[in-house]
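Trainee: Start from the sequences, fold in the hints, and give me the full structure.
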Amino acid sequence: MTTTNDRGIAQMLWDFFCSLKLSIFLLIGLAITSIIGTVIPQVPVPSEYIQTISPFKLQLYGKLGFFDMYHSWWFILLLYLLTVNLIACSIKRLPRVWKIISEPTLVMDDGFERSLSLTHEIKATGTAPALKDKMAAFLKAEFAEPIVTEVSGEYHLFAQKNPYCRLGVYVVHLSIVIVFIGALIGSFFGYKAYVNIAEGSSVDSVESRSGKIMDLGFSVRCEKFAVSFYDTGAPKEFKSILTILENGKPVPGYENVKVIVNDPLTYKGITFYQSSYGAAGDTLYRFSVRKRTGGQPVPLITHEQDRTPLPDGSFMQIIGIAPEVGSDFPGCSGPGAKLEITRPDGRKEYSIVLLNPACRDFDEKRGGDLIFTFDGKDEKYFTGLQVAKDPGVWVVWLGCSLMVIGICMAFFMSHKRIWIRVGNGRVTLGGTASKNPAGFELVFQELAAKLDSGTK
Amino acid sequence: MSSSMLFNVTTISYMVSTLLFLAFLATKNKNVGFSGTMVAIFGFLLQTAAIGLRWKESYDLGRGHAPLSNLFESVVFFSWTIVLIFLIIDFKYKYRAVGFFVVPFALLGMAWAQLGLDSGIEPLVPALQSNWLLYHVITCFLGYAAFAVACGLSIMYLIREKQEDSSASSPAGGVIAMFPSVKVLDDLNYKAIMIGFPLLTLGIVTGAAWANYAWGTYWSWDPKETWSLIVWFIYAAFLHARITRGWVGRRAAILSVVGFAATIFCYLGVNLFLSGLHSYGK
Ligand code: HEM
Numbered sequence: 011m012t013t014t015n016d017r018g019i020a021q022m023l024w025d026f027f028c029s030l031k032l033s034i035f036l037l038i039g040l041a042i043t044s045i046i047g048t049v050i051p052q053v054p055v056p057s058e059y060i061q062t063i064s065p066f067k068l069q070l071y072g073k074l075g076f077f078d079m080y081h082s083w084w085f086i087l088l089l090y091l092l093t094v095n096l097i098a099c100s101i102k103r104l105p106r107v108w109k110i111i112s113e114p115t116l117v118m119d120d121g122f123e124r125s126l127s128l129t130h131e132i133k134a135t136g137t138a139p140a141l142k143d144k145m146a147a148f149l150k151a152e153f154a155e156p157i158v159t160e161v162s163g164e165y166h167l168f169a170q171k172n173p174y175c176r177l178g179v180y181v182v183h184l185s186i187v188i189v190f191i192g193a194l195i196g197s198f199f200g201y202k203a204y205v206n207i208a209e210g211s212s213v214d215s216v217e218s219r220s221g222k223i224m225d226l227g228f229s230v231r232c233e234k235f236a237v238s239f240y241d242t243g244a245p246k247e248f249k250s251i252l253t254i255l256e257n258g259k260p261v262p263g264y265e266n267v268k269v270i271v272n273d274p275l276t277y278k279g280i281t282f283y284q285s286s287y288g289a290a291g292d293t294l295y296r297f298s299v300r301k302r303t304g305g306q307p308v309p310l311i312t313h314e315q316d317r318t319p320l321p322d323g324s325f326m327q328i329i330g331i332a333p334e335v336g337s338d339f340p341g342c343s344g345p346g347a348k349l350e351i352t353r354p355d356g357r358k359e360y361s362i363v364l365l366n367p368a369c370r371d372f373d374e375k376r377g378g379d380l381i382f383t384f385d386g387k388d389e390k391y392f393t394g395l396q397v398a399k400d401p402g403v404w405v406v407w408l409g410c411s412l413m414v415i416g417i418c419m420a421f422f423m424s425h426k427r428i429w430i431r432v433g434n435g436r437v438t439l440g441g442t443a444s445k446n447p448a449g450f451e452l453v454f455q456e457l458a459a460k461l462d463s464g465t466k
Numbered sequence: 002m003s004s005s006m007l008f009n010v011t012t013i014s015y016m017v018s019t020l021l022f023l024a025f026l027a028t029k030n031k032n033v034g035f036s037g038t039m040v041a042i043f044g045f046l047l048q049t050a051a052i053g054l055r056w057k058e059s060y061d062l063g064r065g066h067a068p069l070s071n072l073f074e075s076v077v078f079f080s081w082t083i084v085l086i087f088l089i090i091d092f093k094y095k096y097r098a099v100g101f102f103v104v105p106f107a108l109l110g111m112a113w114a115q116l117g118l119d120s121g122i123e124p125l126v127p128a129l130q131s132n133w134l135l136y137h138v139i140t141c142f143l144g145y146a147a148f149a150v151a152c153g154l155s156i157m158y159l160i161r162e163k164q165e166d167s168s169a170s171s172p173a174g175g176v177i178a179m180f181p182s183v184k185v186l187d188d189l190n191y192k193a194i195m196i197g198f199p200l201l202t203l204g205i206v207t208g209a210a211w212a213n214y215a216w217g218t219y220w221s222w223d224p225k226e227t228w229s230l231i232v233w234f235i236y237a238a239f240l241h242a243r244i245t246r247g248w249v250g251r252r253a254a255i256l257s258v259v260g261f262a263a264t265i266f267c268y269l270g271v272n273l274f275l276s277g278l279h280s281y282g283k
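Heads up: the sequence lines are chains A and B, in that order. The first sequence begins at 11 in the working numbering and counts up one residue at a time. The second sequence begins at 2 in the working numbering and counts up one residue at a time.
Keep in mind the hints are simulated off the structure, nothing from the lab. C-beta atoms are modelled at their ideal positions from N, C-alpha and C, and glycine is treated no differently. Where hints are given, some of them may not hold.
Stated by the list, open to error - A few chain A residues facing chain B, derived, Cβ under 8 angstroms: (1) 41; (2) 80; (3) 82; (4) 85; (5) 133; (6) 244; (7) 413; (8) 414; (9) 417; (10) 423.
Mentor: What follows is the structure in structure tokens.
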């Protein structure tokens, strides 16, 4: 009793999942529900938006998963239902289609002839065997190589083109399942992350979007970052120069690689994409110092906070820096710095240096025995890189390629079949195609016309 | 001669072509219908030249890039693809009356681009500096154009069917008599979508490939991506609905119009009303 009941339920489930009505419902349902996530902001939800909606709505949307809609249980469920529906439908129909391909109807009997919309009959002179050979040659030359079957004195010829395009639909359906599998592999075994690397420094781990620290297994050093602009002021190019390090040593072939937007770097399945940039804070300043009594100027490279030793045992420190000093020092527009020099005996001196080339000698006029010049500043940037590891991406591309191939097979190719029955003094032609009946009718009429003129 | 002058003449051509198709519906004079197609071809050739010229002009300005990077350029290209698909269908099936329901979409696009949009040639921001832009935009827009043609055909279907219903026994008269029969319209609608669906699929796939190449994620549920998927779902539903009986004809025509409305929202509405990565339509 229970077993029949179970079978009944299983049968019902199977019928439910084999229904094309369900597919249309699911496709339209996915289309409509997808709209929600394009109207309601998705995680991370901007706080300005949260302030504009009522607490009730906030709670409701949260419960329904509207803020991360495409990962909510009910959306994923719809996608799984679609997959099951697709597989069930395909399993149900594939054997029938496979039979059409693997066991073609070789014989056009009267009943079958009546079911064909395209038929043509010709009176021909000659015996059946002779006509049969002629027809076989004709089909081979004009259409495709025929299979000949003899049935009670009559000959049946069957020829077909593109039988496998009937599988196109199933290639498409399979490809969708493959894309899903690729996406699942990516979500289980891959991650997306983000990392900032200051020029000259390196990282060996990144923080994933979910906040986990992911060990890269190697290091990436940012050698340099540069940004350039069009004359309109719009950005033209963001460029990072990266080096991959294994155990602290640069990997050959991965040294000083240029990474720009639309041209990432991939190493060991992990890809680094140029995404943003910013000021890294510690700008390098270059000065030089020379003795008034003569001698070579000594270059000094320093950060804003550094106490930099000078050759004579003094120390120098930047105590003020301004990006623009033109209003205080007319004619010297550009950056300037105030330096504090602590002599070996503890005495302090102050020096003002200006970057503008016309004012390089400003400190000389101070009269001290050490003369400073401002030679330049190297602003340091950090590069913001998006980091992605997705081992499923190849599966997704495989699925996408199959999908395009399958759609072309399903839409633009047609399984064309031609039968010829040869009796004494009589030849009957029949044909059918799986797609584009109007186009096939022309082909068929042309074949019939050739046959007419050939047998007269 | 500049590309903007050629675009002006293009717009005028499409207007003349639309009027000629209207005159054709009114007079049933075959020569008028034929001249409508000829003027559309003339406009199409001019527009092709103008797009090529604009491409060259961008190089002369030192900002060389394919003319597909801002809203003006994309609307112009969209109207170009609509006329292209229309001409293919006109050439193959020679139902002149279709012109009156399709060329106006191209005219509307051109008029809007010229009157309402900024036609300056801007340099390409880093995110768009990729060959994928070309593949992605061309496939998407050819798909959209096929859906536009399908929508025009569906509107004709709905008008003709209504007429036949109301004048049940007497054959459809007047302007409507110039329409192809409902059976032909239904079939052409299906054919146009059979051209559009593979192209949209390719457009989504090339978009995903580009996103993966440039950002490391082939799919991020950005509103534009999501809407293109919505459009894809609708047309997939259309294709499957045809297999089950009862969904040809009227319901299929309505689904095709809904599909095109979603397409237009995907193309313009997303830029105007929602925010995301594809925000060239500021
Ligand atoms: C719920 C999931 C789906 C089910 C149950 C389903 C089922 C079917 C069935 C039964 C057919 C007819 C096969 C035949 O003629 O023997 C078909 C055709 C087709 N399916 Fe699906 N399908 C689904 C989803 C999709 C999706 C998402 C696509 C997207 C590309 C798709 C693409 C196609 C195509 C292109 C055809 C051929 C249509 C034609 O010849 O006009 N299917 N599908």
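Trainee: Evaluate each hint against the coordinates.
Mentor: Each hint tested on the structure:
no.: 1; hint: 41; verdict: holds (4 angstroms)
no.: 2; hint: 80; verdict: holds (5 angstroms)
no.: 3; hint: 82; verdict: violated (12 angstroms)
no.: 4; hint: 85; verdict: violated (10 angstroms)
no.: 5; hint: 133; verdict: violated (35 angstroms)
no.: 6; hint: 244; verdict: holds (6 angstroms)
no.: 7; hint: 413; verdict: holds (6 angstroms)
no.: 8; hint: 414; verdict: holds (6 angstroms)
no.: 9; hint: 417; verdict: holds (5 angstroms)
no.: 10; hint: 423; verdict: violated (12 angstroms)
Of the numbered hints listed earlier, those contradicted by the structure are 3, 4, 5 and 10.
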